[in-house]
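Q: Sequence:
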Amino acid sequence: MSYEITEIAEGKIIELVLSGKLTGEAYEQFVPVVDAQIERWGKVRMMVVLTDFHGWDAAALWADTKFAMKHFSDIERLALVGESKWEAGMATFCKPFTKAAVKYFDLANIEDARAWIQET
1 MSYEITEIAE GKIIELVLSG KLTGEAYEQF VPVVDAQIER WGKVRMMVVL
51 TDFHGWDAAA LWADTKFAMK HFSDIERLAL VGESKWEAGM ATFCKPFTKA
101 AVKYFDLANI EDARAWIQET
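full-length UniProt numbering puts the first residue of the sequence shown at 1, with every later residue one more than the last.
Errors might be hidden in some of the hints.
Once the Cα atoms are required to be at most 25 angstroms apart in a straight line, the calculated DSS-like pairs of lysine-lysine come out as [stated by the list, open to error]: (1) Lys70 / Lys103; (2) Lys12 / Lys70; (3) Lys66 / Lys43; (4) Lys70 / Lys99.
Computed beta-carbon distance windows for the label pairs [unchecked claim]: (5) Leu61 / Thr120: 30 to 38 angstroms; (6) Lys66 / Met1: 15 to 23 angstroms; (7) Ile8 / Thr51: 14 to 22 angstroms; (8) Glu4 / Gln118: 12 to 20 angstroms; (9) Glu4 / Asn109: 15 to 23 angstroms; (10) Glu28 / Ala115: 30 to 38 angstroms; (11) Glu111 / Ala58: 29 to 37 angstroms; (12) Ser84 / Glu10: 26 to 34 angstroms; (13) Glu119 / Thr6: 13 to 21 angstroms; (14) Glu111 / Lys66: 30 to 38 angstroms; (15) Thr120 / Glu25: 33 to 41 angstroms; (16) Glu7 / Glu28: 15 to 23 angstroms.
Hints listed in this document are in silico derivations from the structure and should not be mistaken for laboratory results. It should be emphasised that the depicted structure is a prediction, and the values quoted were computed from it without experimental measurement. Beta carbons: idealized from backbone N, C-alpha and C, even for Gly.
Let's have the full structure, built from the sequences with the hints guiding it.
A: Right, dumping it as structure tokens:
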């Protein structure tokens with residue numbers, strides 16, 4: 001599992017690139033960064049880019065559920081960028097767990113995702 005987190009617009013927009021299988025340990029490392037930006041800005045926008053993504057382990061799935069419950073209203077927009085049909089389905093699956101506007105983009109359209117996440 002690897003991840004890379006980039007803060008855009010002084011951290012009001014967070015781009016998170018995930019590859020491999022997401023683990024609970026990875027959540028322990030990047031969630032505090034997201035928490036800090038939410039505390040600073042009140043609301044943030046997130047773009048999650050999935051490359052060669054293989055899902056979650058049990059600890060990561062639980063951490064993801066807790067994160068969604070804690071930040072139900074704290075994310076304005078959530079762009080999911082991926083490479084496969086099941087990843088596109090994640091956008092639909094996420095909607096009941098957040099008040100954010102959620103949209104899926106194919107990896108080939110990553111610049112469209114970046115434009116959408118930054119729209120006013």
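Q: Compare the structure with each hint and give your call.
A: Here's how the hints hold up against the structure:
1. Lys70 / Lys103: holds, 21 angstroms
2. Lys12 / Lys70: Measuring from Cα to Cα gives roughly 18 angstroms; hence the hint holds.
3. Lys66 / Lys43: Holds - the C-alpha atoms of Lys43 and Lys66 are around 17 angstroms apart, at most 25 angstroms.
4. Lys70 / Lys99: This hinted pair holds, its Cα atoms lying about 12 angstroms apart.
5. Leu61 / Thr120: 30 to 38 angstroms: Hint holds: Cβ distance 34 angstroms, inside 30 to 38 angstroms.
6. Lys66 / Met1: 15 to 23 angstroms: Holds - the Cβ-Cβ distance for Lys66 and Met1, about 18 angstroms, lies within 15 to 23 angstroms.
7. Ile8 / Thr51: 14 to 22 angstroms: Given range 14 to 22 angstroms: holds, Cβ gap about 18 angstroms.
8. Glu4 / Gln118: 12 to 20 angstroms: holds, 19 angstroms
9. Glu4 / Asn109: 15 to 23 angstroms: At 19 angstroms between Cβs, range holds.
10. Glu28 / Ala115: 30 to 38 angstroms: holds, 32 angstroms
11. Glu111 / Ala58: 29 to 37 angstroms: holds, 35 angstroms
12. Ser84 / Glu10: 26 to 34 angstroms: Since the Cβ atoms of Ser84 and Glu10 sit about 33 angstroms apart, the hinted range of 26 to 34 angstroms holds.
13. Glu119 / Thr6: 13 to 21 angstroms: holds, 18 angstroms
14. Glu111 / Lys66: 30 to 38 angstroms: holds, 32 angstroms
15. Thr120 / Glu25: 33 to 41 angstroms: About 36 angstroms separates the Cβ atoms of Thr120 and Glu25, which means 33 to 41 angstroms holds.
16. Glu7 / Glu28: 15 to 23 angstroms: This hint holds: roughly 19 angstroms between Cβ atoms.
The structure meets every hint from the earlier list without exception.
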